[in-house]
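2 protein chains.
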Amino acid sequence: MRADAQRNAEKLRAAAAELFQERGLQVPLKEIARRAGVSHGTLYNLFGTREALIDEVVTDLAAERLDAIAQQALAFEDAWDGFAYYIEKLCELQATDPAVADVVGGRYPGAERLMTVCGRTLATVERIVERARQAGTLRPDFTSADLVLILAANANLARAAAASAPHVWRRAVAFQLDGLRTEAARRPLPVGPLTPEQVYAVSGSLTRNP
Amino acid sequence: MRADAQRNAEKLRAAAAELFQERGLQVPLKEIARRAGVSHGTLYNLFGTREALIDEVVTDLAAERLDAIAQQALAFEDAWDGFAYYIEKLCELQATDPAVADVVGGRYPGAERLMTVCGRTLATVERIVERARQAGTLRPDFTSADLVLILAANANLARAAAASAPHVWRRAVAFQLDGLRTEAARRPLPVGPLTPEQVYAVSGSLTRNP
DNA sequence: AGGCAACTTGACCGCAGGGTCAACTTCCAT
DNA sequence: ATGGAAGTTGACCCTGCGGTCAAGTTGCCT
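Those protein sequence lines, which keep their order, are chains R and A. Letter 141 of the first sequence, counting from 1, is numbered 141 in full-length UniProt numbering, and no numbers are missing. Letter 209 of the second sequence, counting from 1, is numbered 209 in full-length UniProt numbering, and no numbers are missing.
It is possible that part of the hints are untrue.
Which chain A residues face chain R? A few, computed with CB under 8 Å, are given here [said to hold, decoys possible]:
{"no.": "1", "residue": "157"}
{"no.": "2", "residue": "161"}
{"no.": "3", "residue": "163"}
{"no.": "4", "residue": "165"}
{"no.": "5", "residue": "178"}
{"no.": "6", "residue": "179"}
Computed, partial: chain R to chain A, Cβ under 8 Å [stated by the list, open to error]:
{"no.": "7", "residue": "176"}
{"no.": "8", "residue": "180"}
{"no.": "9", "residue": "198"}
Since the hints were derived computationally from the structure, they do not count as laboratory data. All figures in this text were calculated on a predicted structure; none of them were measured in a lab. We put the beta carbon where it would ideally sit given N, CA and C, even for glycine.
Could you build all of it, start to finish, from the sequences and the hints given here?
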């Protein structure tokens, strides 16, 4: 790869990182090229697809954030505290970091590195949930698949309230967590948990893609 | 108004009602015209704006649905049961009726009749919530303004899961309701309720408009 | 029946986004 | 220093949306 192409790729990566974090992963590619100061043709030439660019620019960032909160959650002595911490932090990411929110709430099958990060995260979620359930504080009918229900809820509230009430998602999360303790469980849930395939399908359209 | 215009208006109203209920209020106007079998120019000629069409076609439908569940909710002996019924039915509407979902989750300032329906509904919500809170079953820190938090949550889950798990919203609502009982309340909520202005702003962008 | 107002039509405009490619420019190995 | 490969550019195409309007058609009153 020639030196000037290398430089352009770097400029594009930088611009993409900025815009992805400011406005989410669906930001127009031409706008990224504009901010980088190159033609959009060059962007297509160097990266080919949006997903390839995402994979290069967003993966490490998302992995860092997601792994960090997962580790901290598991470090709590109290299993419930760890669980609640994890939920809150994940929701905070959704509210404050459009790029990570889209990683969590979208599907980018072409971004291979990103997909492995998602897989790793799912496994950790399972551990956090299982630990809290076994401790007896998390209601036993809550599955790790139910996490996407919370994320679906929060994604929309965070988006809808971003301009007018940027912190109100915390209130909603508090309500939700109160409903997840063992003592809060009243009667059998009306429907069973999502299957892994359903989790995949639903979590792939949490943030608006169409 | 000439007879043929009258007929066309009727065809357009019918097509609009169908498409609004199938696909929501943002369905392309040209598609409505196509289904009605007239030129889109005629649609613009007869109705002028999307909101005018909505006002004529959707208002009565939405009013009927919303008033019905509100009345039934207030008819429950038990205040909590009425409240829970209302939440569930509202969420069911969001999940099954795209048109009503968009009425609840959007803003159509040009649709005057529709606006009065919304105002009336808000007042009834207040009564349902107040009744359940005074009965002592609904946690006292829950405000009628918090209803939009639930609706925001459900709007997105219903949309995201519509294809793959069309009933899972019931599970999420069950979790949420369990968190709203007085006994579930653990500690002060991290942020206060939305102001009326914030409710207006947030509830205006529950469903995707941009 | 005729004529005019009312109505309809579809081509057309503007916008925004994704994506392609021939012609031009720049780098760098020889 | 120079020629050819590598890279860049921006005009161009396509799609789909909202919206307008001159020209043509139709209903209805006289």
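Non-conforming hints, listed in increasing numerical order: none
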